[in-house]
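Enquirer: Taking the hints into account, I'd like the entire structure generated from these sequences.
Residue numbers (this note's numbering), protein chains in the order written: chain A, 1 to 207; chain B, 1001 to 1320.
In short, the hints are calculated from the structure, not lab data. Incorrect hints may have been included.
[What the hints assert, rightly or not] List time: in silico DMTMM-like cross-link candidates among lysine to aspartate or glutamate, alpha-carbon distance up to 25 angstroms:
hint, chain 1, residue 1, chain 2, residue 2
1, B, Lys1161, A, Glu33
2, B, Lys1276, A, Glu93
3, B, Lys1051, B, Asp1250
4, B, Lys1271, B, Glu1090
5, A, Lys158, B, Glu1090
6, B, Lys1050, A, Glu162
7, A, Lys176, B, Asp1215
8, A, Lys26, B, Asp1148
9, A, Lys102, B, Asp1070
10, B, Lys1314, A, Glu134
11, A, Lys40, B, Glu1263
12, B, Lys1151, A, Asp30
13, A, Lys40, B, Asp1163
14, B, Lys1116, A, Asp30
15, A, Lys158, B, Glu1043
16, B, Lys1092, B, Asp1243
17, A, Lys158, B, Asp1250
18, A, Lys126, B, Asp1015
19, B, Lys1266, A, Glu162
20, B, Lys1169, A, Glu33
21, B, Lys1161, A, Asp30
22, A, Lys102, B, Glu1277
23, A, Lys40, B, Asp1070
24, A, Lys26, B, Asp1147
25, B, Lys1315, A, Glu33
26, A, Lys176, B, Glu1277
Spelled out, the chains give:
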Amino acid sequence: MKRQIPLIIVIGLGFVFVAHTFIPAKISVDFYEWWQTWSKAISPFAVVLGVMSLFMVHSTKITRKVSNWQYSAVTLGSLAITSLIGFVWGTQEGTPFMWLFKNIQMPMGATMFSLLAFHIASAAYKAFRARSLEATVLLLAACIVMLGQVPLGSQISKWIPETSQWILNVPNLAAKRAIALGVGLGMTATSLKILLGIERTYLGGGD
Amino acid sequence: MSEKMNFFERLQALDRRWIYLVVLLAIMVPLVIPFNSKTYVTEPSENVYKKIDSFTGRTDRAILMCFSHDASTMAELFPMEVAILRHCFERKIQVLTICFMPQAKPLMDYAINTAKEDYNVQSGIDYLNLGYKPYGLFLPIMLGMGDDIAKAVETDDQGRKVDNLPIMKELSNYNELNLVIDFAASAAVYSWIIYARARFGANVAAGITAVMAADNYPYLQTGQLTGMLSGLKGAAEYEKMVDVFAMHKDEYGNPDPREFSKEVIKNTWIKMSDIKERRYKTARIGMNAQTVAHIMIIFFIIIGNIGYFVTRAKKKVTAE
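Expert: Written out as structure tokens, the structure reads:
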């Protein structure tokens, strides 16, 4: 029953929502509105579940003193302090919460993402080699697109941004569309398998 | 000859910390000492501007800005958000904002507060911050807005009933909320394309980080995306369009906004020093750093390859 009930809910509701899309009858519209109200009420509980899960994972690490448990303490401490500050003073401009955001989260987030520039530069120097014809084409395309993305490219020659745009609009677009079609077909097949009860791995348990 | 070869060999084995140092300088110097560089406006950015501008002064039209990113991608996305909000406030275009990520909420507030500093705009009248909604409600809200916005999102950021607010008088669904712009470093905009666009015919645009831009070209070509602001470049282009058209002043210095024109934007050169507020030229200053960084990377690729080929040739000669 532990597996059969969720399976019945998924299959039943799956077919109901497929039917709703194609049947504009009143009963279908009413059901859809009813579902929207319920989903609004249920969804916020996911936040509680998330916080509980985070707390359980990290408190276990702290209690067992596993390696780097100090990071877990920082995570839980930050969670508690940020939440408390947000609840007490609110989250609007001028509050301690906003100060924390501007002075801690913003620079930390920006630092993490900006590391990418250093890694790209280093990888470009160390690994981006014209070892084969394909690698050479990739290398040239990368250089043209990079130049086309900055004003200097247009100032050197108008064909640089034009070629850059062509690379993005033709070969890139063709490849992306092929991938999207593949993904779309895969999603349709998986959805059908779920609707028909063939695909059950989402229920957990291993089979 | 051998000395020259040793130099290239040394280049091949260069410690990456030297590369990091060069990159650091290449990025830092243009940010600290901004220089004037020309901003070329591309069509996807132009389309976003024109669509938003077409809602000027209309109380039966509004745009929805969905903030779907955190602080890590702020450098690229924040300037475009501020530029769009500034455009809306300047041209009396009604704007609604929403986010489904808790990390995006302070960013959304920050963008609104940054843009409204110079304008006498009021929440609930000129703009409406719908606030943070849990991600689980993304789909119900997105679909619900197709029928009735006030039913899908009942309260705003301040807990007020959305239905009672003046801005909502003539706004009911995507027929009026006719442009949704999603700002993301991910594929979040696809959901808007799949549901809001396909099902309700809403116009959808994307403000996206440069690395994600290539993924969106198929949707631009089909017209499913009305336009796209791609990375810092897109933000710089939008900043320029706002300065040239929305912020245009007549010969006496009075506000004299004008319609978009390809010719005008092509031939207009704005000096960095002419824009007093740094917050209105952040992307253009950033583009200076990006220009130098891109050239630096291309330079590294060339040097690295020269080193590679010279070393390979030497190895071949030694083997023979």
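Enquirer: Is Lys158 of chain A within 25 angstroms of Glu1043 of chain B, Cα to Cα?
Expert: 15 angstroms, holds
Enquirer: Between Lys1116 of chain B and Asp30 of chain A, does the CA-CA distance stay at or below 25 angstroms?
Expert: 41 angstroms, violated
Enquirer: Does the alpha-carbon distance linking Lys1271 of chain B and Glu1090 of chain B stay inside the 25 angstroms limit?
Expert: Since the Cα atoms of Lys1271 of chain B and Glu1090 of chain B sit roughly 21 angstroms apart, the hinted pair holds (cutoff 25 angstroms).
Enquirer: Checking one constraint from the list: CA of Lys102 of chain A to CA of Glu1277 of chain B, max 25 angstroms. Satisfied?
Expert: 19 angstroms, holds
Enquirer: Compare the distance between the alpha carbons of Lys1092 of chain B and Asp1243 of chain B with 25 angstroms, and conclude whether the hinted pair is satisfied.
Expert: 16 angstroms, holds
Enquirer: CA of Lys1169 of chain B to CA of Glu33 of chain A, is that 25 angstroms or under?
Expert: 22 angstroms, holds
Enquirer: Quickly compare the C-alpha distance for Lys1315 of chain B and Glu33 of chain A to 25 angstroms and report which way the hint goes.
Expert: Measuring from Cα to Cα gives roughly 73 angstroms; hence the hint is violated.
Enquirer: Going straight from one Cα to the other, do Lys1151 of chain B and Asp30 of chain A come out at no more than 25 angstroms?
Expert: 14 angstroms, holds
Enquirer: Is the Cα-Cα distance between Lys26 of chain A and Asp1147 of chain B 25 angstroms or less?
Expert: 14 angstroms, holds
Enquirer: Taking only the CA atoms, is the gap from Lys1314 of chain B to Glu134 of chain A under or equal to 25 angstroms?
Expert: 24 angstroms, holds
Enquirer: Under the criterion that the straight-line Cα-Cα distance not exceed 25 angstroms, is the pair Lys40 of chain A, Glu1263 of chain B satisfied?
Expert: Violated. Lys40 of chain A to Glu1263 of chain B sits at ~49 angstroms, over the 25 angstroms cutoff.
Enquirer: Given the hint that Lys1050 of chain B pairs with Glu162 of chain A, test it: the Cα-Cα distance must not exceed 25 angstroms.
Expert: 22 angstroms, holds
Hints 5, 11, 14, 17, 25, 26, counting from the list given before, are not met by this structure.
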